[in-house]
Amino acid sequence: MAPVAVTSTARRRTGAAAAYSVLGLVAVLFALPFGWLVLAALDGEASLSAGLPDRLTLDNFSAVLTFDISLRPILNGLVLAGGSALITIVAGTLCAYPLSRFQLRFKRPFLYTVLFATGLPVTAVMVPVYGLFVRLDALDSTFATTLFLAATSLPYAIWLMKGFIDGVPVELEEAAWVDGASRMTTLWRMVVPLVLPGASVVTLFTFMLAWGNFFVPFVLIQSPEKLPAAVAIHQFFSQFGAVAYGQLAAYSLIYSAPVVLVYLVISKVLGGAFTLSGATKG
Amino acid sequence: MKKLAACLAVAAIAATACGEGSGNGSDDRTVKVVHLDFGGGDPTADWLQRAKKQYEKENPGKTVKLQPITGGVEDYYGQVARMQQSPSTAPDVVLEDSSTIEADAQAGHLLPLDDRLKQWKDWDRFEDAAKTATRAQDGKTYGVLMASDVRALWYNKKLLKDAGVTIPWKPESWGEVLDAARAVKDKGAADVVPLNIYASKAAGEGTSMQGFEMLLYGTGDTLYDEQAKKWVPKSKGFDDALAFYDTVFSEQLGPSPQQALSGELPNTVNEKMLPEGGLAIALDGSWLPRAWEGDGWPEWQDTMGIAPMPTQDGQEPGATSMSGGFSLAIGKKSGNPDGGWDFLTTALDKANTAWVNTRGNLTTVREDVAASAGYAERNASVAPLTELLKVTHFRPALPDYPKVSAEIQAAVESVATGQSEPDEAAETYRKNVTAIVGADQVK
Amino acid sequence: MSGPRTPPAVAARHPNLRRALGPMAPALLLLTVFFAGPIGWTFYAAFTDSALTGPGAADTMFVGFDNFTQLFSDPRFWDSVLLTVVFVFFSAIVGQNLLGLFLALVMRGRARAARGAVGAIVVAAWVIPEIVAGYVWFAFLSDDGTLNSLLRGLGLEGTSWLVMTPMLAVILANVWRGTAFSMLVYSAALSEVPTDLLEAASVDGAGPLRRLWHIVLPLIKRTMVSNLMLVTLQTLSLFTLIFVMTAGGPGTKSQTLPLYMYEQAFKLFQIGYGTAVALVLLSIGAVAGLVYVRVLKVEV
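Chains as they are written, first to last, in the numbering used here: chain A, 1285 to 1566; chain B, -4 to 438; chain C, 717 to 1016.
Isolated chain A, as found in the complex (with noise of 0.2 Å):
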């Protein structure tokens, strides 16, 4: 028998040699792309190819970081992706609570609306968008995108939500009903407070999502002072893009650092970084 188990022993260790190597090799593939974006923020005079700088500095942050050109454009993308992820989880949150606890005839066919819906991809065909918006005078609006945005995260944020309080038990409820309290006190007081973190997810994401989407305020928000960082980026670029890389590469990490901090919130409230397929896989 000795033999065999040194034999699989020695197998288990090569493989997990070459799995080691492997991930070593994907890590550096993928990490190559971001050798710019981190070096030429800090070099005051990057170009295109990622390189060591000559001089550390950081005048290309203090280049951009002016209240026209990234600090107007990130509180506009605040209040956007902000606003569009707390009507979501509101709007949600109500619309979900019904469809876990009552009997409705028409729940069948409008949770696979929902569903059905969750893979439309509304936020790629901004032309008809576009005509609506001409149409209903909501153009240059922030608040009329917002609603936009968020009604495009609500058909997940449905769907998840009411997987999350089908999950909470109903008797807990039920007692306090019988001493009177509202279905809305219940749902405030003792539903929300259990899917706290599965709603903080849906909300977080729908912020990601939100902060990260250029199409859609490209095409519905003209006025420079209303646009948010995700076009004030592109026209920095468009500009820019051309003589000024560090500039460029500082902004993209500016722009970027909220929605890697908003990950890092969602994965420790997920307790470890690979959960959120729990959330995305509906």
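Think of the hints as simulated: they come from the structure by calculation, not from any bench.
If you want the ones that stay clear, here's a sample from chain B, every Cβ over 12 Å from chain C, calculated:
# : residue
1 : ASP22
2 : GLN49
3 : GLY170
4 : ASP435
Which chain A residues face chain B? A few, computed with CB under 10 Å, are given here:
# : residue
5 : LEU1420
6 : ASP1424
7 : GLU1509
Glycine is no exception: its CB is placed at the ideal position from the N, C-alpha and C atoms.
Following the hints, position chains B and C against chain A.
Same frame as chain A, but now just chains B and C:
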């Protein structure tokens, strides 16, 4: 709870029903001016800023809201067209390319200005060609031209001289232009681009006008037959112009493919390649010196020479050019057309026009500016460029022109990148243009 | 529809419906105006000559199926469909999906630190905004970008990747960007595959490939199908990454359907025609969505 739902509902309806309030501050106290920020030392933004200060001083209590669009020329037309769709975003005054006036007039985006122009004594100072440029087919005038421009060959005297080309250079056919470029390629430094001619969809009108049409209108053929009132979707001149591109890029006389495709190229040529001696010959607009005089390169007059673009084989009149120009127009959906008109006449009075024409190295369209002191003497390029007005051409001012122009850009780009042979690209152009304008509208 | 005993049944349901509609109202309103609205609008505008400028902007008219006749006879539309299929197949179905599965498999049971480090890099590509991913790859593949510098360091000649191989460029970028999603999905699914089952098979002499084929894959089949659907839908509608890297060019060499739609509507100002393209995109999305709903066979 019910309150929240009600709030959301009311808010949603309010947002959709009336946008954000009634228009973005476009009442009779504010004038909203939408313009392109060209970048690269272009004085348009400063010019409008000057006019804004003057207008606000002369009209206390009223304000001008300048709305620059910075996404680049090719995004500008689309952005403005999108803004024109609804009263809440429509501009009071818009910087309008004269070639899009016809389309926008037909679309109902622009206000006819004839009644107001009759009252404006300055209008007599505008040259007839400038008046025609902003008149649509319905006979009404929809804008006031701020300046015109021409296109020519800008060359670096030193680089051409080093390559053995006689200075002053005066090529008399396309072949001589190519020969000079070849000489630079063979004898010049390795990192010098011999010749730039715009060849990308990203450069937009720059490709159609500074590039392709500068060739086509030197062959004797045109895009549109004014007599027959029909488009010319196929001609020998068209094929030859594409073949010129093919030669430039297959012999690597032009910029690298990635450079050629970049939307940044116009500014890179103007601000870096020419001043730094990285480009020998540029087929480009008369406005280039604006970026050089603004900062840092007063010596350009010694370094750069101007040669008219020759016709294909030197046929009469020997040289060719294309002209266009931006105008100020008033939006039909404007909530404040009177304020818009007052701003327009302020920005385009003699002093402000002279200022922007001089600073932008543009060809003035006002005779009083042309005659004024300092205009003609400001630099060495004025005389040869003004001379080109005798041989210049205008784009067909038709609503379909922008689409046809996009087809030109596609054809040129596919040839320059080697994706299509010139004859294939010409055939695609013929098919697409026929589909765009209709089979009964082509020769 | 309703039998003779309907009245009491309706009475029983009504209070529920009434109580349910209150809380659901905000979501329903939003979905009606901003989700169903654009879709409804698509069905209207796709049959008009609506335009941003020119005559079609002044008086929009119904043109019946003209847009679709023109669309289906435009070779560029079919080129664009083909490019979209190529893009989705190689970057999503093959690239993201298989690489994601592979990474999830390889990472399984590896040291926490290694998993964390590799995972962080792969996930970072997915977390950063799409437009930044576009700039990162634009810089990486530029003439004087990192890749060409590295190749020169190895004594090799680079090329203008974005110009000469635009589809390869955007496919690689999208694999880079999207693999994390599939990896996360598969990691979650694999964590539910019982270890003792695999160990038992291992004792019976089944090699890694056989274990994968006969035990793991059947167990995660449903995850796989739903992941495929999701990445397909995401990739189908991808706009920004390509817009930043190649803008669909050179020429139309990387012009997938969303880019084609954008050009027709916002650069050539043909809103009606662009909407017809949108309807095609929506229909493809709808078919994929239906398959997704069917395959998931969820209990609701």
